[in-house]
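Peer 1: Protein chains in written order, with UniProt numbering: chain A, 1 to 108; chain B, 1 to 605.
No wet-lab data here; the hints were simulated from the structure.
Everything numeric in this text was worked out from a predicted model, so none of it was measured.
Treat the hints with care, since some could be wrong.
Claimed, not checked - Only pairs whose alpha carbons sit at most 27 Å apart, straight line, appear in this in silico DSS-like list of lysine-lysine:
no.	chain 1	residue 1	chain 2	residue 2
1	B	Lys445	A	Lys25
2	B	Lys170	B	Lys235
3	B	Lys246	B	Lys72
4	A	Lys25	B	Lys235
5	B	Lys170	B	Lys72
6	B	Lys64	B	Lys170
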Amino acid sequence: MNILIFTTAFAGFGALCLSMERHAKQVFGVVPGALPRLGAAIAGWALLAGALAPALQRYGVSVGITAWLGFLSLAAVAIGLLLSYAPRQIRYLAPAALFLGVNLAWLF
Amino acid sequence: MRFDKPRYFRQSMSWVHTWTGLVMGWLLFAVYVTGALSYFRNEITLWMQPELHAAAAADDWLPKAVGVLAEKGAQAQQWTIAPPGPRSPVVGLSYREATAGGRGGEGGRAGEAARGGEGGRGGERARGGDGEGLGEVAGERPAAASAGARGEARPAQAQGGGQERNQGVKRLVMDPASGSVLEPRSTAGGNFLYRFHFELHGIDRVWGRWIVGAATMLMFIAIITGVIVHRNIFKDFFTFRPARGKRSWLDGHNASGVLSLPFHILITFSGLLLLAMQLMPWAADAAYNGDRRAFNQEVRGAAMGGQGQPAQARSGGSGRSTLTDLRPLYQQALQQWPELGVGSITVSNPGSARATVEIRQAFGDKLTARGGAERMLFNGVTGEALELPAARPPSTTRSIWNVFIVVHEGRFATPAVRWLLFLSGVIGALMIASGLVLWLVSRQKERAALGRLPRGHRFVEVMNVAAVAGLMIAIAGYFWANRFIPADAVDRNNQEIFAFFAIWGLTLVHAALRPHKRAWIEQLAAGAALYLLLPVLNGLSGGAHLARSLFSGHWQVASFDLVALATAAALLFTANRVHHHVPRPDRKGAKANTDEPAELAAEST
Chain A
1 MNILIFTTAF AGFGALCLSM ERHAKQVFGV VPGALPRLGA AIAGWALLAG
51 ALAPALQRYG VSVGITAWLG FLSLAAVAIG LLLSYAPRQI RYLAPAALFL
101 GVNLAWLF
Chain B
1 MRFDKPRYFR QSMSWVHTWT GLVMGWLLFA VYVTGALSYF RNEITLWMQP
51 ELHAAAAADD WLPKAVGVLA EKGAQAQQWT IAPPGPRSPV VGLSYREATA
101 GGRGGEGGRA GEAARGGEGG RGGERARGGD GEGLGEVAGE RPAAASAGAR
151 GEARPAQAQG GGQERNQGVK RLVMDPASGS VLEPRSTAGG NFLYRFHFEL
201 HGIDRVWGRW IVGAATMLMF IAIITGVIVH RNIFKDFFTF RPARGKRSWL
251 DGHNASGVLS LPFHILITFS GLLLLAMQLM PWAADAAYNG DRRAFNQEVR
301 GAAMGGQGQP AQARSGGSGR STLTDLRPLY QQALQQWPEL GVGSITVSNP
351 GSARATVEIR QAFGDKLTAR GGAERMLFNG VTGEALELPA ARPPSTTRSI
401 WNVFIVVHEG RFATPAVRWL LFLSGVIGAL MIASGLVLWL VSRQKERAAL
451 GRLPRGHRFV EVMNVAAVAG LMIAIAGYFW ANRFIPADAV DRNNQEIFAF
501 FAIWGLTLVH AALRPHKRAW IEQLAAGAAL YLLLPVLNGL SGGAHLARSL
551 FSGHWQVASF DLVALATAAA LLFTANRVHH HVPRPDRKGA KANTDEPAEL
601 AAEST
């Protein structure tokens with residue numbers, strides 16, 4: 001369940017970074033159009049919010065919120081480090097995390 | 001219409017941010033680091049008691065524990081058994097002598113009994129005293145109930161922490177496998193770091209809390225103004241551009257702040273709430289006409305939900321009787337709480353016909369029900385379950401308060417969540433440290449124009465080195481002192497604490513005597529060496545060395561050593577970067593910072 005929270009948050013921040021001009025350029029080399037970026041922003045925020053669900057299910061309301069915030073920090077730092085040192089990898093890692101998350105979600 | 005208005009606002013916020021950050025940064029770095037370590041204070045205390053490292057898990061510890069208690073505490077009024085758990089490999093035993101301190105009133109005993117249970121396993125047990133101590137920070141700690149609560153520190157810690165406040169209760173530590181009573185050294189342990197993070201040391205604790213409270217308040221201000229000052233919080237959300245001097249420091253400071261912003265806000269705000277009663281007791285004073293004891297009792301009453309009454313009720317005669325086998329009761333409790341397990345088993349009036357057994361859940365899974373851990377009650381002779389008075393649910397206000405408090409303390413948190421809180425604390429410490437360095441880096445131009453080093457800047461340089469690198473050395477030195485001070489030394493705990501401050505003081509002297517850059521390199525390298533050798537020292541001075549603790553799955557000890565190694569690596573990496581740093585005037589004339597020559601070449605094209 002922890003992995004599910006993390007992968008969802010990671011994919012969320014991944015999408016969110018693609019919605020920002022500077023970061024999208026770091027990842028793709030070119031800045032995507034406004035519409036895809038808007039889509040990425042919506043998907044990103046939705047995923048971040050979505051990561052709360054498994055946290056609540058696993059830990060109950062209040063510890064769940066703490067755990068969610070903790071995983072958000074961890075995922076954000078992971079994306080931040082990737083953007084600094086291996087930005088292009090996000091193209092693969094974020095969808096992979098999403099894929100893993102979706103598959104894990106079926107398990108629970 | 002003036003479009004430049006917001007800029008003025010931002011500039012003034014920037015001023016507030018810079019100066020609140022600098023003034024309190026040195027202290028806040030120490031608060032963040034020791035606070036982050038507090039999430040693992042039981043593990044730290046365990047590491048600091050190598051006598052306990054050999055304890056092994058075993059199935060049949062319960063009869064052994066009862067045997068030990070029957071032998072040592074035959075005349076006791078009450079026994080408490082804390083089962084081994086994920087945060088403590090040993091069985092904690094305590095018994096309360098019938099004679100001690102008279103019968104300090106049923107109220108007092110009731111509080112003690114309830115707390116004893118609440119104490120729970122490992123973490124909770126250690127916290128029983130201290131956590132509550134902070135909770136009832138309004139001071140004056142209400143006599144009996146609180147004295148009981150404070151005593152619930154872990155058995156071995158109690159020697160340092162609260163023995164004198166806790167007459168009549170004897171504590172033992174038992175190896176679950178062999179059933180033998182262990183005698184761990186007395187240590188200030190993780191408790192010292194925990195206490196330091198909110199009330200400092202060596203000054204009156206009320207003053208200490210005032211100082212930390214003021215620092216926390218300024219931290220809160222610094223966070224808010226920091227967000228306002230951050231120019232492109234959404235554009236540069238993740239941005240970190242390494243090896244670009246001031247730019248990198250600013251990026252690093254921003255990123256460590258923004259990426260775990262929710263945590264920083266939460267931890268600072270809840271820290272403020274925790275200290276609020278200390279700093280601003282006037283509301284409560286007004287409402288309760290200054291009777292703080294009444295206030296505390298009401299707060300606690302609401303939290304305990306009328307659970308304070310121990311199992312005196314159903315007394316059936318007063319003759320002697322044998323205690324029922326506890327194992328089936330324990331099994332029953334484990335089935336009831338499969339995830340959280342059992343926190344404590346309390347036997348009241350053992351050996352008498354009116355004996356009762358109370359079993360408490362290890363952690364409440366709801367943060368909102370702090371103090372409301374579930375419990376089960378049994379007849380101590382027949383083993384049949386007894387009914388409990390229904391717990392009163394906590395009020396909404398109390399629930400909200402609990403969420404903040406418990407989040408801050410990491411109470412009820414599983415290991416994974418505890419690690420996340422710890423890591424977030426580390427990120428916070430990095431944010432503060434980078435902010436401190438940034439103050440100097442961003443004034444480089446000023447210094448260059450001036451052609452000399454102003455006295456104020458030199459002061460900041462010295463303080464930065466001692467507050468950041470020096471603290472890391474002092475903490476490592478504290479762990480070293482733990483193994484070098486003889487295990488049976490008199491006043492051992494204070495010697496450990498003295499070593500901590502003596503070493504920290506020396507780092508300040510060193511930082512003042514050495515040139516800035518050399519001071520950083522030397523202290524970072526010294527710190528790295530100390531942390532690197534900690535696992536070796538552990539193995540050589542009676543503890544379970546890394547190979548053994550890893551092999552036997554003794555994670556509490558192993559993770560301490562692993563974190564020490566990781567810290568060593570981080571310090572060494574930083575020392576190396578500082579060592580290779582070549583100052584150069586960049587395009588704007590300011591100086592670059594942690595650039596390595598190779599990267600420099602790439603950078604300038």
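Peer 1: For the pair supplied as a hint, Lys170 of chain B and Lys235 of chain B, confirm whether the alpha-carbon distance does not exceed 27 Å.
Peer 2: It is violated: about 60 Å lies between the C-alpha atoms, which goes past 27 Å.
Peer 1: Does Lys235 of chain B lie within 27 Å of Lys25 of chain A when you go C-alpha to C-alpha?
Peer 2: holds, 12 Å
Peer 1: Does the structure keep Lys64 of chain B and Lys170 of chain B at a Cα separation of 27 Å or less?
Peer 2: holds, 17 Å
Peer 1: Within 27 Å, alpha carbon to alpha carbon, are Lys445 of chain B and Lys25 of chain A?
Peer 2: Judged against 27 Å, a Cα distance of about 32 Å means the pair is violated.
Peer 1: Assess, step by step, whether the Cα of Lys170 of chain B is no farther than 27 Å from the Cα of Lys72 of chain B, and give holds or violated.
Peer 2: Holds, at roughly 9 Å.
Peer 1: Are the Cα positions of Lys246 of chain B and Lys72 of chain B separated by 27 Å at most?
Peer 2: violated, 65 Å
Violated hints, listed in ascending order, are 1, 2 and 3; each of the other numbered hints is respected by the structure.
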